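Please model the entire structure based on the sequences and the hints provided.
Protein chains in written order, with this note's numbering: chain S, 1 to 587; chain E, 588 to 752.
Keep in mind that a hint or two might mislead.
[Claimed, not checked] Derived DSS-like pairs (lysine-lysine); straight-line CA-CA distance at most 30 Å:
| no. | chain 1 | residue 1 | chain 2 | residue 2 |
| --- | --- | --- | --- | --- |
| 1 | S | 576 | E | 736 |
| 2 | E | 669 | S | 576 |
| 3 | S | 576 | E | 746 |
| 4 | S | 105 | S | 469 |
| 5 | S | 18 | E | 669 |
| 6 | E | 621 | S | 442 |
| 7 | E | 669 | S | 456 |
| 8 | E | 665 | S | 18 |
| 9 | S | 576 | S | 560 |
| 10 | S | 235 | E | 669 |
| 11 | S | 447 | E | 644 |
| 12 | E | 669 | S | 351 |
| 13 | E | 644 | S | 18 |
| 14 | S | 18 | E | 745 |
| 15 | S | 576 | E | 745 |
| 16 | E | 669 | S | 22 |
| 17 | S | 379 | S | 87 |
| 18 | S | 447 | E | 746 |
| 19 | S | 456 | S | 379 |
| 20 | E | 746 | S | 18 |
| 21 | E | 665 | S | 306 |
| 22 | S | 301 | E | 665 |
| 23 | E | 621 | S | 22 |
| 24 | E | 665 | S | 235 |
| 25 | E | 669 | S | 447 |
| 26 | S | 306 | E | 644 |
| 27 | S | 351 | S | 576 |
| 28 | S | 136 | S | 221 |
[Said to hold, decoys possible] Just so you have them, the derived chain E footprint on chain S, three or more residues with Cβ under 8 Å:
| no. | segment |
| --- | --- |
| 29 | 3-16 |
| 30 | 131-137 |
| 31 | 149-157 |
| 32 | 185-199 |
| 33 | 225-239 |
| 34 | 314-322 |
[Unchecked claim] If you want a taste of the chain S side facing chain E, the calculated C-beta under 10 Å gives, among others:
| no. | residue |
| --- | --- |
| 35 | 161 |
| 36 | 162 |
| 37 | 349 |
| 38 | 436 |
It should be emphasised that the hints constitute simulated quantities derived from the structure, not laboratory data.
Keep in mind it's a predicted model, so treat the numbers as computed, not measured.
Where a beta carbon is used, it is the ideal one built from N, C-alpha and C, also for glycine.
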Amino acid sequence: MKVIVGLGSCGIAAGGMKVYDKLYELIENHPKLDVSLTSTGCMGMCFAEPLVEIQDDHGSAVYGLLDERSAAEVFRTHILQGSPLEKYIVKSETEQCADDSFFDKQVRIVLARCGAINPESIEDALSMEAYEGLRKALTKKPSEVVEEVLQSGLRGRGGAGFPTGLKWKFAMNSVADQKYIICNADEGDPGAFMDRSVLEGDPHSVIEGMIIGGYAIGASKGVIYARAEYPIAIKRLEIAIQQAKEYGYLGQNIFGSDFSFELSVMQGAGAFVCGEETALMASVEGQRGMPRIRPPFPAEKGLFGKPSNINNVETLANIGWILRKGAKEFAKYGTEKSKGTKVFALAGKIKRGGLVEVPIGMTIREVINEIGGGSSSGKPIKAVQLGGPSGGCIPAELFDTAIDYDTLAATGAIMGSGGMIVMDEENCMVDIARYFLDFTQKESCGKCTFCRVGTKRMLEILTRITEGKGVQGDIEKLEVLAEQVRKNSLCGLGQTAPNPVLTTLRYYRHEYEAHIQEQKCPSLQCRSLISYRIDPELCTGCTICARNCPVHCISGEVRKAHVINQDICTRCGTCKAVCRFGAVMVE
Amino acid sequence: MSMEVNHQEYYAPFEAILAEYRGEPSQLIPLLQKLQGAYGYLPQDIIVRLSERTGIKVPEILGVATFYSQFRLTPMGKHVIKLCHGTACHVNGADNIGAALCDELGIGLDETTEDGLFTIETVACLGCCSLAPVMMVDGEVHGRLTQDKARKVIREIKKQEVSAQ
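See below:
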C-alpha cells in the first residue's frame, strides 16, 4: 500500500505537513504494516487540500480536506482495516464522486506527472518517461528539433503567445561563441500559481525542456530565474538539478553525445517588470531590472550581450512531451492557430478552485461551470479576470468565448499566463480596475514617462471614483490616458497596464457612471459609498455585533435593537459577518 | 578589547558571504540576498563595506537595493506578517483582514510596531489562491481567514511573547 500526501505550497499552507506527520507517526507505531508514505506536488484539487491519496489493490482513492483527526480516522479504517472511508473521499478509481467533473474535461500534458510523482525523486519522474524526449532530441540535428517544435504549433505560455519554434529558430541562427537559454519563472502575476505548481510538482519537466532548448539553439548554459517568494519550488529545482547531474542528463557529453549543458538557478528579488525578457536579463546581470529597446532582440544580443532565448516555465514543460510523442500528436489538441493545452490557476469566487489543464479551444463556461463547479458564494458569477494586471475582465455574457490567444484578444482581455479569477455580483468592477492599476503603478520601473506618471494619474482618478469623488469627464480622461500609456511605453508592463481599465469600461461603463453621477456602488463594495444599518425588526439584541465591532461604534441594550454610529463606522463588515439573524443591512 | 571582539563577530557573516565573491558584478543580487538573510536587513555600514570590497559604487548598490521589493534598509519586526494582496485575496476581502490586523497591532500596513515585535508587510501574491484570503506569519501560511481568525493568530503570538519574558 502506498500513501501519498500532497505537499505543494497549497497543501502545506492548508495543513498538509501536519497530516503527513500524523500519518508518519501512526505508521511508525505499526511496524508490521506494509505501507510506504511519500509526498507529491500539486494534485490540482486545491479546493480540497490537504489531500492524501491511498493506492492499494483496489486502486486509488483520494481523501480531501483532512486534518490530523480525520487523517487518523482514515488510517484506522482504510490503512489498517482496508475499507475505504467514503465520507472523506474526493476522487476514486472505483467509485463515482461529487467532484469527478473537475477532471473529466481536463487533458494533462504539462501536469501529467504533477501530483503523481514525488518531485524530489528522479526515479519517480523517470518511471513516467521523464528525459525520454531529451534522449530522442539528441538523436536529431538541432535544426530538426527546432522544426519539430515549430510543427507542434506551441506558442509561448507566458501570455504573449509568440510561436516557440520561431523564437528558437532565431536564436539557433545567431552565431556566437556562447549562447544562453533562460527560463522565466518569475511568476509575478497576482492570483496565478501555475508555474509554481509545475516547478514544485515536476521540476524535471522544466529541466528537460531547457536541455532540449539548449541543444536546439546551441546554448551550453541555462539559467532559471525564479521568484524568491517560491522557496519550495527553488529547493525542489535545486534537488532535481543535482539528480539530473548524477544521472548524466546535465554536464558533459549528455547521453554520450557531443552536447554539454550546465544549469543554474537565480533567485529574483521581487520586481514584476522582470517578467519582461530584457528586464529579466538585466536582473540576471546584477542590475536594476529595467527593460531596454528592442531590437536588438535577445536572440541576437541578450544576456551578457550574447544570443539568448527566454521561455516561460509552462512552455518549457511542454517540450519533453512534444519530442517524446511528436509534433503531430501535440497538434491534435487545440484550435487551428493555438495548439496544445493551457494550464489555468482557477481562483476567486469559485467552488472548485485549483490547477486545471484544458485543451485550448474549450469555452470559458466549460472551465468555470463544469470544471470549477460554478460560484462558491451562491451568487451569480459576474465576470472572469484573465491575464492579471495585463489582462481584462470578461463578462458572463461572453462565457461562450473559446479559450484561444486570438478569440480572447478580441474581447479586450488576453490569454495571459493563466490566472483565472472568478468574480460574483459583490465585486465592484471599478474597484477591480483600481486594484490592478495600483499594482502596475507600484511595479512600473519608472523608465517611460507615460507608464510612470500616466498610471499614477489613472490610479488617482480611479481612487477618487471609488471614493464617490469622481467628476464628470473622469471616464473620458481615463480613456485618453489609457491610450497614451499603451502607445508610449517600451515594454509589455506599460503597454498592457490600461487593459483592466479599458475592459471594465467596455463592459461595465454603467458601474463607473453610477459611482460618479449617483455616488453609488452597485456592487455595494466601495466603502465610501455604502453604509451599514441594523434592522430594528430583525435585531434580537444579542450584542454579538457590538462585541465584535473593531471601532466600538455599535450601541444598544441587551435584547433591544442595536444602532450603528455612522460617524465612527469604518464599514468593515464585521457586524454583518457575525450577525446570526440577518439583521445587518448594507445599502 | 570587547569592542574589538564584537566588531569581529558582527562582520563574521559578512566575511563568510564575501568569500564567495568571484569578482563578477552579476553576483550583486545574490550577495545582497545573503547579506539580508544574515543581518535581517541591509545596514548602511554593510553596504559601504560591500562597496569597498567589490568596487561596486554605493549608489549602484543602493539603486539595486531600492529597486527590488525584497530588500529593506530598515530592520523588520521580530514577527513578520505577510498579508497577501493577490487578486483572489482581494476579491475575497483581504482589505478587511488588513484592517483587523492594523487595528489589533495599532499600526498601519507596511509598518512596524514600536516594540519591534511585529511588521505587517503587504505582498503581491503568496500563490495559495485557493485558500484566499491568506497571510503568512513567520513563514507559516494561514488561509481561509476571517477578521477574527487573523486577530487570534496575532493574540496567540503576543501571548507567547509575554510568557517568554
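- Failing hints, ascending? Numbers 4, 13, 18, 19, 21, 22, 23, 30, 31, 34, 35 and 36, in rising order.
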